[in-house]
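Enquirer: Listed below are the residues making up each chain.
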Amino acid sequence: MENEDIRKDFEIFNNTDVAYLDSAATTQRPKQVIDAVKNYYNTANANPHRGNYALSLKSTEVYDEARSKVAKFINAQESREIVFSKNATEALNMLAYSYGMQNLQKGDKVVISILEHHANLVPWQRVTKQKEAKLEYMYINDEGQITDEEIEKKITPGTKIVGITHVSNVLGTITPVEKIIKKAHSVGAVVVLDASQSVPHRKVDVQKLDADFVVFSGHKMLAPLGIGVLYGKAELLEKMPPFLLGGDMIEYVQEQSATFAEIPTRFEAGTQNVGGAIGLAAAIDYLQKIGMEKVEKIEQELLIYAKEQLENLSYVTVYGPKDINQRASVISFNVKNIHPHDVSSILDSVGVAIRAGDHCAQPLIHYMHVPATCRASFYIYNTKADVDRLILGLNKTYEMFKKWI
Amino acid sequence: MNDINSIYTDLIMEQSTSTHNKKKIENPDKCEMGRNPSCGDEISLSLKMDGDKIADMAFEGHGCAISQASTSIMIDLLKGKTREDAKDLVKTFIGMIKREITDDAELEKLEDAQALRNISNMPARVKCALLAWHTLEKML
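Residue numbers (numbering that gives the first Met the number 0), protein chains in the order written: chain A, 0 to 404; chain B, 0 to 139.
These aren't lab readings, by the way, just hints derived from the structure by calculation. The beta carbon of each residue, even a glycine, is placed where N, CA and C say it ideally should be. Hints are supplied without guarantee of correctness; some may be wrong.
[What the hints assert, rightly or not] Below, computed lysine-lysine pairings styled on DSS-like, alpha-carbon distance capped at 25 angstroms:
| # | chain 1 | residue 1 | chain 2 | residue 2 |
| --- | --- | --- | --- | --- |
| 1 | A | K335 | A | K71 |
| 2 | A | K232 | A | K335 |
| 3 | A | K335 | A | K296 |
| 4 | B | K29 | B | K52 |
| 5 | A | K335 | B | K137 |
| 6 | A | K7 | A | K207 |
| 7 | A | K238 | A | K85 |
| 8 | A | K335 | A | K202 |
| 9 | A | K335 | B | K22 |
| 10 | B | K137 | B | K97 |
| 11 | A | K401 | B | K137 |
| 12 | A | K335 | A | K238 |
| 13 | A | K402 | B | K52 |
| 14 | B | K108 | B | K47 |
| 15 | A | K71 | A | K293 |
| 16 | A | K105 | A | K85 |
| 17 | B | K97 | A | K402 |
| 18 | A | K71 | A | K401 |
| 19 | A | K401 | B | K47 |
| 20 | B | K126 | A | K335 |
| 21 | A | K207 | A | K335 |
[As the list claims (entries may be wrong)] Where chain A lies over chain B, by a calculated footprint (3+ residues, C-beta under 8 angstroms):
| # | region |
| --- | --- |
| 22 | 8 to 19 |
| 23 | 27 to 40 |
| 24 | 84 to 97 |
| 25 | 108 to 114 |
Could you put the whole structure together from the sequences, leaning on the hints where they help?
Expert: See the structure below:
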């Protein structure tokens, strides 16, 4: 492993003795990100886009720079295609209420996959219900993958929106988004790509993918909590009505009516999280310095090791694709006859942090016919020693329960 | 971090896997579902009264060791008790888990259910221990 130096940047590991295997929920932050946020508040803090004084202009400037940095990172054509949000969830709500409410008609179809996080599912339930449209699902095969046949069967004429996760936050499945996007466009649908689990971990090029909308959260990629991104093709964003109304997103306001600002400001009502945007820009700098290819390589090495180690345990079932190239560094598993919450409590007692539960994907958990799963997820600061500690913890768990189950 | 062995005691382990209270009862007076949506824990409690007394109680469903053990221990404790006594015991148990009742003498009446006292040190698992008791609270 070549990441000992990377790990040193994360002070939390000096302060807490933990094998942190829950980066799919939120990552830790390196000192470079924390310093950048601190530096912003100490040197450039003011309300952006408001004041005519130097500090406000500085705040505006660094906020705009952060936007350009995000645009370049995902290869957007222009930085006005980047809307800052609170997180991916807010960005998805924005799309459902703004694009969905505007464009869906009675009888239209919204197609999503059974892998979706509640954030790319529940908003579509509400909008399709209100518009009397249909919500349909692409299901997965035994390995947790969406097949070509399923794509062909579900994305048919009448489909107006396709919502798809790039990487499943439960199974780690890398979905065939290129095929899904091509198929969606062939029937005239737009694609909403939930890239929350992909943008932090691999190179995502929105132009190459030809995705219409892409969302992700900063806190899953080393940035502070409370900053997220909605990318949208300019021609689509331009036609969309604002979601939240208020300060800064307007053009002219009269007593009974208002006109709205250009994109992206139209979608950023109220004072924005500039500190968060600065933190996200610093996180992008940090990741780019390592290089996304190397990020992917570090994680894949960990994934291969962890999957092997877990599969060696006779009492563990690992879910998701067998082909390592179809998986990202998220592994869901269960321990025979032991509930995931008992597993995670016992792992916690030996300093291993994993997630247990439905991972905000209840329809998927029901579809898998399991009550819940244990999930270990990795990032650039994890080491094989973390995996070894997980395995030791699982052995301890099984020893404790063995005589009773 | 807590001492995990003070949570997963032999009594808890035994009760979590015991099936003596996990069954259907014929013609129950009341049935109630209890769910912890974030865990996926689901139990269905059935209650049969004989006048003012709990004649029989049983459960079905699935969940973690803590929720299963807690349910089974509750049934053992409350069978044969009057409605008022049962209400009082449920209140005492909830008070123990929430650390609102800490007096050992007062908790003694909970008998085996005292084994769940250390759950109060594990905030993430409190709702597992309370699931059955909250469900029953609605039925009494």
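Enquirer: Are the hints correct? Go through all of them and say.
Expert: Here is how each hint holds up against the structure:
no., hint, verdict
1, K335(A) with K71(A), "violated, 46 angstroms"
2, K232(A) with K335(A), "violated, 47 angstroms"
3, K335(A) with K296(A), "violated, 31 angstroms"
4, K29(B) with K52(B), "holds, 14 angstroms"
5, K335(A) with K137(B), "violated, 34 angstroms"
6, K7(A) with K207(A), "violated, 35 angstroms"
7, K238(A) with K85(A), "holds, 22 angstroms"
8, K335(A) with K202(A), "violated, 36 angstroms"
9, K335(A) with K22(B), "holds, 23 angstroms"
10, K137(B) with K97(B), "holds, 18 angstroms"
11, K401(A) with K137(B), "violated, 35 angstroms"
12, K335(A) with K238(A), "violated, 52 angstroms"
13, K402(A) with K52(B), "violated, 36 angstroms"
14, K108(B) with K47(B), "holds, 23 angstroms"
15, K71(A) with K293(A), "holds, 18 angstroms"
16, K105(A) with K85(A), "violated, 31 angstroms"
17, K97(B) with K402(A), "violated, 31 angstroms"
18, K71(A) with K401(A), "violated, 53 angstroms"
19, K401(A) with K47(B), "violated, 35 angstroms"
20, K126(B) with K335(A), "holds, 23 angstroms"
21, K207(A) with K335(A), "violated, 43 angstroms"
22, 8 to 19, "holds (count 4)"
23, 27 to 40, "holds (count 5)"
24, 84 to 97, "violated (count 0)"
25, 108 to 114, "violated (count 0)"
Of the hints listed earlier, those the structure fails to meet are numbers 1, 2, 3, 5, 6, 8, 11, 12, 13, 16, 17, 18, 19, 21, 24 and 25, in rising order.
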